[in-house]
Each structure stands twice: as C-alpha cells, then as structure tokens.
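Protein chains: 2
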Amino acid sequence: MFMPKPPLDHRDSLPNNNNNNCSDVCRRHLFLILCSMLKVPDHQVAGHRAGDGKLGPLIDDSGKFYKPIQSDGRGSKEVAFYTSVSSYTNIPSHIRRFFPIFHGTKLIEASDGSGQQPHLVLQNVFSGYLNPSIIDIKIGSRTWYPQASEEYIQKCFMKDRETSSLALGFRISGLQIESKGSAFWKPDRKLIRKFTAEEVRLVLRQFVSSNSSADSGVDPDCTFVSTVYGGSGGILAQLLELKEWFEHQTILHFYSCSVLMVYGKESVVKEASSGAEVKLVDFAHVFEGNGVIDHNFLGGLCSLINFISEILTCSDVHTAKASLQDPKNYCYTNCDTQN
Amino acid sequence: MFMPKPPLDHRDSLPNNNNNNCSDVCRRHLFLILCSMLKVPDHQVAGHRAGDGKLGPLIDDSGKFYKPIQSDGRGSKEVAFYTSVSSYTNIPSHIRRFFPIFHGTKLIEASDGSGQQPHLVLQNVFSGYLNPSIIDIKIGSRTWYPQASEEYIQKCFMKDRETSSLALGFRISGLQIESKGSAFWKPDRKLIRKFTAEEVRLVLRQFVSSNSSADSGVDPDCTFVSTVYGGSGGILAQLLELKEWFEHQTILHFYSCSVLMVYGKESVVKEASSGAEVKLVDFAHVFEGNGVIDHNFLGGLCSLINFISEILTCSDVHTAKASLQDPKNYCYTNCDTQN
Chain D
9 MFMPKPPLDH RDSLPNNNNN NCSDVCRRHL FLILCSMLKV PDHQVAGHRA GDGKLGPLID
69 DSGKFYKPIQ SDGRGSKEVA FYTSVSSYTN IPSHIRRFFP IFHGTKLIEA SDGSGQQPHL
129 VLQNVFSGYL NPSIIDIKIG SRTWYPQASE EYIQKCFMKD RETSSLALGF RISGLQIESK
189 GSAFWKPDRK LIRKFTAEEV RLVLRQFVSS NSSADSGVDP DCTFVSTVYG GSGGILAQLL
249 ELKEWFEHQT ILHFYSCSVL MVYGKESVVK EASSGAEVKL VDFAHVFEGN GVIDHNFLGG
309 LCSLINFISE ILTCSDVHTA KASLQDPKNY CYTNCDTQN
Chain Y
9 MFMPKPPLDH RDSLPNNNNN NCSDVCRRHL FLILCSMLKV PDHQVAGHRA GDGKLGPLID
69 DSGKFYKPIQ SDGRGSKEVA FYTSVSSYTN IPSHIRRFFP IFHGTKLIEA SDGSGQQPHL
129 VLQNVFSGYL NPSIIDIKIG SRTWYPQASE EYIQKCFMKD RETSSLALGF RISGLQIESK
189 GSAFWKPDRK LIRKFTAEEV RLVLRQFVSS NSSADSGVDP DCTFVSTVYG GSGGILAQLL
249 ELKEWFEHQT ILHFYSCSVL MVYGKESVVK EASSGAEVKL VDFAHVFEGN GVIDHNFLGG
309 LCSLINFISE ILTCSDVHTA KASLQDPKNY CYTNCDTQN
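These protein sequence lines map, in sequence, to chains D and Y. For what it's worth, this note's numbering labels the leading residue of the first sequence as 9, then goes sequentially. For what it's worth, this note's numbering labels the leading residue of the second sequence as 9, then goes sequentially.
No lab work stands behind these hints, which were simulated from the structure alone. Note that the structure is a prediction, hence the values are computed from the model and not measured. Be a bit skeptical, because a hint or two may be false.
Each pair may be met inside one copy or between any two copies, as identical chains are not told apart.
To be verified - Dumping the calculated DMTMM-like pairs for lysine to aspartate or glutamate here, alpha-carbon to alpha-carbon at most 25 Å: (1) 194 x 159; (2) 194 x 168; (3) 287 x 255; (4) 194 x 68; (5) 202 x 296; (6) 287 x 168; (7) 287 x 50; (8) 188 x 207.
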C-alpha cells in the first residue's frame, strides 16, 4: 500500500490533545501509523474541511472516505440512514448505486487533533478520478423538515430565501472545475452562495467546457456537453433514473441532501468517455416518507434536470446555427422557446 | 333562454345598497332583469360564496361563471393572467383545455348588493354536469411567492404548515361527493382544512365510490375508480398530461392555484363514461417563470398523481384478492410495497 506522509495539520494538532487515556508516546505512535494512511481530501468542494486544526473528513488510499460523526445528532442520524438503507429491500439496485458504499463506522484519530473519534467509513466517490471536475448541488427549495426546531426552521428558511434554493429548487453548494492539468477553478463559497439563476446556468455550462472557467469574459464552449451530460450513461440519464424513482418512492424524504456530479476531463479527451457519475450525499436529515413522495426533492431535481436538458438542447441548436452567427440562437441567453 | 327565479339572497340584499347613482326604481328594475339570468352556483366547493349579502361568484344558464374581480390586487392579477394567457402561443392546445374558457370582463350586479361591479366572465366548468362530484385541490407545498409582502408570506407559511400542504405538496380546499341523487356529502371547510394524509387518501377513495361518504364507518367501495381515475381519458391520464407540461414549461409559476377534479356518477352508471375532467382554476398569484420550471407546483402535482396511482393500483390488488378476505390486502392500509 502506498503510504503518504502524514498531513502537517495532523502532526501539529497532536500535542494539544488530552481527551483520551492513552499515554503520549502510545498516542503519537498510533497517530503516526494512522496518519500515514489518512489524509485530507484534495477534492472536497462542500461541507466542513479538515486542516488547520479543524474537524473534517479524511481519506485513505484504498478508496475510503472517513466522515466525522457529528455530535449534535446529525451524525447519528446519518449513521442510522446508512445502517438502515441496506435493510430497505425495496430500493432497487440501480438506485442503490447512487449512494456511496457504506463500510460501517470506525474510531480514528480526528483531523482536529481531538483524539480518536467515531467516523462513518464510506466510499470515496472521487478516488477513481485523477483531476475530477465536481459540482455539489443541494436539492430542494426547502432544506428544513417539519419535525425540526423552530430555530432550525427559521435558519434554513432564511438561507433558502437568500440562495437560489427557493427560486430554482436547488442551490450549488460547492464546485471545482479543472482548468489546466491539476489546476482547478474553485470559486469561494460566499460567491457560490449568491449565485443567481443566470450564474447557475453559466456554471453548469462551464462545468462541461474546455476553456477557462475562471475568466468571466470567456463564453463557455460546452465542448464536453454531449459526452458528460448526454448519452445513455451521461449525467442527464442518471438524473432521470433518480427522478423516475422519486416519482414513486414513498419510503424516504431527503432534506438538505446533495447531488454530486463528477467527471474527469482527461477521460473525455483520452478515452472519449467522461466516466461521469451522479452520487447522492449528506443524509443527516433523512426521514421516513410515510406513504408520501418526496415532492420537495423531486421538484428540485426536475428543475436541475431542466437546466441540464436546456444546455444539451441549446448546444445542439448552437452547433447547428453557429454559422448564422446570430446571438439570439446562443443558448446562454435563452433558447427555450418550445415551451 | 331559460329564466330561473332570482335567488332570494339577491332580492334581500338590494334595498340596503346605496353605492351607486341609479335611482331605486331603476336599480330594482335592472337588478330583477339581471337576477333572472344570474344565480348563485349550486356546485361551489371553495372560495368566497355569494349569498347572505356576501360577494361571490354567480352563474347563468348559458354556461358562464361570473367571478367578482377582487379589489385588493388579486382580481386585476387574475384578469391579467386570463388576458395574457391567450398571447402565450407556446402553450399547446392540449394544455389550454385545462384552463376555463375566458369570455372577458363585464360589469354586473354584484351578489352582495353593492351595485354593478366588474366580474371575470369564465366558462362554468360544472355546467355540463347534473350532480357533479367535485374536489378542489390547492397545489404546491408553498402557497406564497417570493415577491409577496412579509405579512402575506408569514400568513401562508402558517397555513401551509397547519394544513396538509407542507407534508403532501397539496391540500384539499373543498369537495362535494354525490351520495344519493342530488344529495351531496359536503364536509365543513374547517374539517377539510385539518385533513391528515390518511384522511386525504380516504377522501380520494370516497370520491370514486358508490357507497355513502358521510358515514365514516363505511369502507369506500371504489366502484368507479377505473372509470374516473383510470383509462385513457380519466383523471390520472389528464394529470399526467399536465405533469409532462410542468416538467418543461418555464413561462409561468402558479402559486395557490387549484386543480379541480369533477365527474358525474350518473354518467358512469348510465353511459359507462364518467366525463371526468381536470381543470386549473384560481390564477390570482401567477408569475412569470423566468426560465425556471414551477418545481413547487410540479412537486405537489406529482404527489397527487402518486396518491391517485396508488388508489388505482390498490383497487386492482383489492379486486384480485377480495376472495381471500385478508384485511392486509386492503388498499386503505397500504399496498405500496413496490417502492
């Protein structure tokens, strides 16, 4: 097994920890062994980040993702979800593949140096990609659930109204788009949070483009649109599979859950196959459906599907009409006149 | 033209009105002529009702429905909707048929005796039915729109949480179900407002049953389920047509808008055809979609569709297994094990 160097933030944070009964020498020894296997993920776009003494997820080189089990109840709810989801025999296998594989829970040295803490052990969904382009999209116009406290409801209610959640039925929570080799365009989260509908549309086009995303003056060329979004194995087809399930499933409601979209530009260029994948992540607020479909998730998912469908359709229009050089035909403005 | 007697509530309300410049004799004359043509609808299940000196809609015998144009802005917004909808050439005709036909606006004697008031003149969607069974379902888990005042948002927010809107993505606003001839079961609106998911499920089964709906001890027999909900022209097929449009249309967002479902039991018995129809009504809160689908309406519509699909599926299961007399097979409990 490849043994990477322990990340600096782990070694730095060790001496300040006094939370367990192991001797300092013993702890240091254990820590160095564990750290030699665990590291801060390179490709995390949303959620709490490890590093600088902060608690966040870690990965190893065998394709596993270690997510700290948050102590405020959310962690245990997510564990309950992963534990119970295998018992739902009525979730078909073609839907199960959208959930990261669950490898149980494990006590590991936490990234904030607070000693051994319980972690969810999950599939690292990015481990198969060299330089993955990733978008994390929180689905649903409403991220709060009826059972929540009034304080939590009001907090989410505000955030849903401030972000694109209310208008679009989803919001982008994080993203990185490969620009040159291992360089990424990774806009600040505060910027992402303020995305308007037009900016979301632009980013979803930049995601499948070969030209620079960081330069706002450059029109995305949508070079990879048909390979990444289109085709029988593309992102749109996967989202439509999910939609078909959400139209009928009444067993689970997913609040504040994200759709991850990931692919590797190199694969598209070298193998003419994007390896594009859709995954569902973040299940700290999943509740029983009690015989009702998750109309909040479904509505948002359909909205995302429509954005992506339009980009695909517009790209066809754009390609076909490019020679006319008529700006009205360009999909960034709006080519949706068939409705 | 058939000239029905003026309704009592009109004649009673006349002498108290002093709001226009017409002399009493002139007004009485005009009023009697108008009233001989206009009457309070027999089959109104939701919204403001005319009668007892109150402002509400009226109908005539030519199949027209006169809806007072509310002065608080909602009326003018609904007029704007009906006026502009004909200009949306990208609304296909198979979708247009879900909107009541618009015959313009007209000054008529208002039902509250306040003199001549502007009214929307619409198709009376119940005029073709002798004793229609009707359900009015307000679609969307959220009845407020982002542009509304904070006071209005909070009012709707409360109501959505108190009713089934939040949980189901829709709420029943009113209903009448024919029980014997021209007798109807028409539960009180306060009762309807408190419907739980199970009660909504029950009512949607009672709607297509031949046995008494008023007696809560009687299990609905779902006699008419395949004719009313099922079939190529049934309610489910019509709702699916609407859904297909809402998955793509980004031109209009419908807040606090209702789906009306109507049919006549007599037609089913005599003609083996229910004449079941779906209509969209109440457009006081319709806004431009600005390139985004109406995920709020779509989510709620999909939820309603799932309720009705389950009743259809369960009825098949019930029919097939009735001889086993196993109460677990009975669809009211839950036959949704395929998800």
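Hint check results:
{"no.": "1", "hint": "194 x 159", "verdict": "neither (32 Å within a copy, 39 Å between copies)"}
{"no.": "2", "hint": "194 x 168", "verdict": "within (22 Å within a copy, 38 Å between copies)"}
{"no.": "3", "hint": "287 x 255", "verdict": "both (18 Å within a copy, 22 Å between copies)"}
{"no.": "4", "hint": "194 x 68", "verdict": "within (23 Å within a copy, 64 Å between copies)"}
{"no.": "5", "hint": "202 x 296", "verdict": "between (32 Å within a copy, 21 Å between copies)"}
{"no.": "6", "hint": "287 x 168", "verdict": "within (22 Å within a copy, 31 Å between copies)"}
{"no.": "7", "hint": "287 x 50", "verdict": "within (18 Å within a copy, 53 Å between copies)"}
{"no.": "8", "hint": "188 x 207", "verdict": "within (22 Å within a copy, 58 Å between copies)"}
The structure fails hint 1 only (numbered hints given earlier).
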